[in-house]
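So that you can map any letter, position 27 of the sequence shown is 637 in the numbering used here, and since no number is skipped, the others follow by simple counting.
Any given hint might turn out to be false.
[What the hints assert, rightly or not] With a straight-line cut-off of 16 Å between C-alpha atoms, the simulated EDC-like cross-links for lysine to aspartate or glutamate are:
hint	residue 1	residue 2
1	Lys686	Glu708
2	Lys686	Asp724
3	Lys670	Asp724
4	Lys670	Glu708
[Stated by the list, open to error] Derived DEER-like restraints, expressed as beta-carbon distance ranges:
hint	residue 1	residue 2	range
5	Glu714	Asp634	24 to 32 Å
6	Asp620	Trp742	35 to 43 Å
7	Pro744	Ile666	38 to 46 Å
Because the hints were derived from the structure by calculation, they are not lab data. Just so we're clear, the structure is a prediction, and the values are computed from it rather than from any experiment. Heads up, the beta-carbon is just placed ideally off N, CA and C, and yes, glycines get one too.
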Amino acid sequence: MAHLKEQGHDVEDVGPFVYDAADDYPAFCIEAARRVVADEGSLGIVVGGSGNGEQIAANKVKGARAGLAWSVETAKLTREHNHAQLIGVGARMHTTEEATEIVEAFLATPPSPDERHGRRVQQILDYENTGWPPPLPEN
């Protein structure tokens with residue numbers, strides 16, 4: 611958190627504020643995703659043991675696109691190709707230095723302007739909003 615503030619980011623921490631290995635992460639991740647979706651253009655980071663459950667919880671918020679980032683490359687790709695607004699990072703999977711590099715890569719990477727990525731993101735949004743899946747390709 612301090613590192614992000616030092617880098618000039620406007621940081622909002624939704625907790626937990628005290629470490630408890632037995633706490634339930636969904637409430638924190640859902641609230642983080644709700645705030646990101648409500649503030650267009652903002653980005654979020656959800657952290658847990660592996661980052662998997664955290665990313666799943668964040669994705670339950672309508673309009674949220676959260677990707678699991680386990681490397682600098684996957685952090686960049688989820689932002690570029692999937693226009694992700696949040697990433698899940700596994701605290702047990704990375705050193706503090708590695709996690710910081712992953713987060714910095716995510717924050718520094720803009721969504722790709724490539725039409726194919728935008729088209730795919732739109733298909734996901736359309737499904738989320740209508741419940742109708744995109745048609746399967748003929749071939």
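Now for the hints, and whether the structure bears them out:
Simply put, Lys686 and Glu708 have alpha-carbon atoms about 14 Å apart, close enough for the 16 Å limit, and the pair holds. For the proposed pair Lys686 and Asp724, the alpha carbon gap of about 15 Å is at most 16 Å, so the pair holds. For a cut-off of 16 Å, the pair hint linking Lys670 to Asp724 is broken: about 26 Å separates their Cα positions. As the CA atoms of Lys670 and Glu708 are separated by approximately 27 Å, the hinted pair breaks the 16 Å bound.
Taking 24 to 32 Å as the suggested C-beta distance range, the pair Glu714 and Asp634 conforms, at roughly 29 Å. The hinted window of 35 to 43 Å between Asp620 and Trp742 holds, with their beta carbons roughly 37 Å apart. Take Pro744 and Ile666: their Cβ atoms lie about 22 Å apart, and the range 38 to 46 Å is violated.
Checked against the numbered hints listed earlier, the structure breaks hints 3, 4, 7; every other hint is satisfied.
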